[in-house]
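Number of protein chains: 2
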Amino acid sequence: MTEDEINARANEKARNRKAAREKMLADKTKEKGLLIVHTGKGKGKSTAAFGLVFRALGNNMRVGVVQFVKGKWETGERVALEKFSDQVTIKAMGEGFTWDTQDRARDIAAAKGAWEMAKEMIDACRGPDRPYDMILLDELNIVLRYDYLPLDEVVAFLDKRPEMLHVIVTGRNAKPDLIEAADLVTEMTQVKHPFREQGVKAQLGVEF
Amino acid sequence: MTEDEINARANEKARNRKAAREKMLADKTKEKGLLIVHTGKGKGKSTAAFGLVFRALGNNMRVGVVQFVKGKWETGERVALEKFSDQVTIKAMGEGFTWDTQDRARDIAAAKGAWEMAKEMIDACRGPDRPYDMILLDELNIVLRYDYLPLDEVVAFLDKRPEMLHVIVTGRNAKPDLIEAADLVTEMTQVKHPFREQGVKAQLGVEF
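Each protein sequence line maps, in turn, to chains A and B. Letter 44 of the first sequence, counting from 1, is numbered 44 in full-length UniProt numbering, and no numbers are missing. Letter 141 of the second sequence, counting from 1, is numbered 141 in full-length UniProt numbering, and no numbers are missing.
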C-alpha cells in the first residue's frame, strides 16, 4: 500500500469509530452521583483521587475529604489544596491509624471516629443545599480490610448516599461487597517499582 | 482469643512490619529523576499524573506539560492549573491528534510537532538552572501506539533525560520498550465502568 492508501484506510476506520462512539454516548442519558473505587497494589490510587478532586475544584465544585490514614498526604497536597480553601474541607483523625501503628485498640477507635465524620458529611448532602458535590474517603479500604468498621453497615450507607453526590473510596484490597456496590472501579497494578527493584529512595513530589 | 490477646498479637505484627520497612528504606539511598509510566485500559492514567503534577506544584516544583491529544483535558484541569500559573507551562498542539481524527497525515505532523516541543523542554533541563523539575507527556503512548513517532528514538531520548528530571508518560498500550526503560510503571485496569454497564452519561468533574 502507498502512504496515501494507508492514510485513507486509517481515516475510514476513524470515521467508523467516531460513529460508534457517538451512538454509544447518545444511548447513555442517566445522570447520578457515582461511587468510585480505586484499589489494587500499584501506585496512583490516592493520587488519581487527588486528580479528580482538583478537576472538581476547577469545575467550581465543593469537595469534602476524610483521611482514614494519618500522615498519608504530604505537604505538597495540602499546600496545593490551600489554593482552593473556600471549596474544600479536609477532616483527618488527629490520632488516626498510621502505617506504623502499635496500638490496634486506638486505631479502631480512630477509624470509627473518622467514619462518623464521613457519615455526617454525606448526610449533610441529603438536603437541596448540599455543602459538597464530591466526598473522598481516602484509605477507607484499609480500615475495612482490617475489620475496624462493620463492612455491611459501611456498604449499605454508601449505597444509600444522596443521589447526586460523588463518593470516592481509595485503598488496596477493596472488599468485594464494596466493589459490587460501586459504579466505577479501577485497579492500579504495579508493573515496576523503583523502591523494590533499583534501590531508589522516596523523593519529594513523586512518592505517593 | 480475648480482644486483649487479638490486640497484643496485632501490635506485635505491626512492630515487625515497621522494623522491616525501616530496614528497607535505609537500604535505598539513590536519588534520581524517575521515568514514570501510567498505562492500561482503566481510568485514572492522566488523572493520577494530574495528581502528581499538583503534588509537585504544592512542593514548589516547576512542571511542564505537553499534551499529545488535543481536547483531552477539560476546563476543570485548566482552571485548577491556572492557580499555579507561575510554576506550570502547558504546551498543546493546536491542530493536534483528537479521538475523532479523520486525517492521519495531519495527526502524524501534529505528533512530530509535539515531540519536538517535548524534546526542547527536556533538553532545557540539562543545565544547572533547569526550568522544570517534572515534565508530563500526556498521551504520548497513544501516538507511539499508532507509530506516529519513531519508537527507538523516543525511548532512547527519554532514557538519556537529565538525571534529576521526573518524566511522566501516560496512555494505554504503552510499548514494551518504554516499560523496559521506565523506573515506575502502573497499569490501570478497569474493573467496572458506568458507561458500559449502567447507561450513566459522562459528567462534569468526574469523567476522565
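Calculated directly from the structure, the hints in this document are not laboratory data. Check before you lean on any hint, since a few could be wrong.
[Said to hold, decoys possible] Straight line, CA to CA, 25 Å or less: simulated DSS-like cross-link-like pairs of lysine-lysine:
#	chain 1	residue 1	chain 2	residue 2
1	A	Lys192	B	Lys83
2	B	Lys91	A	Lys192
3	A	Lys192	A	Lys32
4	A	Lys41	B	Lys13
5	A	Lys41	B	Lys91
6	B	Lys32	B	Lys175
7	B	Lys32	A	Lys41
8	A	Lys13	B	Lys175
9	B	Lys32	A	Lys175
10	A	Lys112	B	Lys175
11	A	Lys13	B	Lys18
Violated constraints from the hint list, given by number and in increasing order: Violated hints: 1, 2, 3, 5, 9, 10 and 11; rest satisfied.
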